[in-house]
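Build the full structure now, drawing on both the sequences and the hints.
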Amino acid sequence: MPLTDHPADRRLSAALTDLSVTFRGMTAHPDEDNCACHWGSPDDLALLKTPDVELEPDLLRRTWQAVDWTDHAAVLRRILPQFARALVADLAEPLFGLEEAGYCLARGRWQQWPAEHAGPVREFLHAWWAQSLTDPDAAVPAHQVFVMCAEASGTVGPWLADWERRTGRLSDRRLAETVAEWEYDLLGESLPWTVHWYEHDEEEMRAELVAWLLDHAAPRLRASGAPADLRHRIRLLGLTDEDRWTDPHWPGHRY
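Counting along the sequence shown from 1, when you hit position 56 you're at 55 in numbering that gives the first Met the number 0, and nothing is skipped either side.
To be clear, the hints were calculated from the coordinates, so they are not data collected in a lab. As the structure is a computational prediction, the values presented were derived from the model and not from experiment. Even glycine gets a Cβ: it sits at the ideal position worked out from N, Cα and C. What you were told as hints is all true, and nothing was included just to trick you.
With beta-carbon atoms standing in for the labels, derived distance ranges:
no. : residue 1 : residue 2 : range
1   : 154       : 223       : 22 to 32 Å
2   : 40        : 214       : 46 to 56 Å
3   : 67        : 113       : 17 to 27 Å
4   : 251       : 16        : 43 to 53 Å
5   : 176       : 111       : 30 to 40 Å
6   : 251       : 20        : 48 to 58 Å
7   : 183       : 245       : 12 to 22 Å
8   : 167       : 111       : 33 to 43 Å
9   : 36        : 251       : 46 to 56 Å
10  : 215       : 13        : 27 to 37 Å
11  : 35        : 244       : 44 to 54 Å
12  : 200       : 163       : 18 to 28 Å
Within a straight-line C-alpha distance of at most 20 Å, the following computed SDA-like cross-link-like pairs (lysine to any residue) qualify:
no. : residue 1 : residue 2
13  : 48        : 69
14  : 48        : 26
15  : 48        : 34
16  : 48        : 28
17  : 48        : 67
18  : 48        : 32
19  : 48        : 21
20  : 48        : 33
21  : 48        : 30
22  : 48        : 70
23  : 48        : 25
24  : 48        : 31
25  : 48        : 68
26  : 48        : 78
27  : 48        : 38
28  : 48        : 37
29  : 48        : 64
Pasting the structure below:
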């Protein structure tokens, strides 16, 4: 997907270039193996041990979705430049949602990599998140990018902080769209995506997200003229038990 000359696109393009430079020459571990019946052929595996060779889309998908690599971090570094481009272009093809892609990054423990490797990954995530909020032509909906970044990092805090700083009509619209996507799950006391990585605290993430929606998103949506029923559904997040579902603005959800 060619990026436009939008400022957020320029930042994202630079981040993608930095990933390509940083991880140039990377390969899977020489002894890495996987099931030929379920993952791919010896020739496919050989490609992961060959640097800087573009993978066919299906091989890329099978590689990032596999959970049984001996050295997942090495495999991730091998595919990361191409994987990031596929994510941005909405070509990664997750089975369920982009939280799966975040899970792939989390399994690689990229935040524990040396700074010269972890830094470009962090910048890519922030650049992509900013682009999803501010570029009207972004290929991937903002709420999906948020989920991917949250799962990749194990926290919602940095991404909510970015959102708080990015005000404006489009960012407010993205906020309204996201609340509309998430309110059903949040009102049912669930996170609006599946947490895959066992080290992530699902309840902590949900609590921080709800607190932010109540403290920041509610007044922001009110100021931007968002529909009243949407604003009521955020308000209901501040109520518990019977107070919530007997409220006159309860939307009638069944769980």
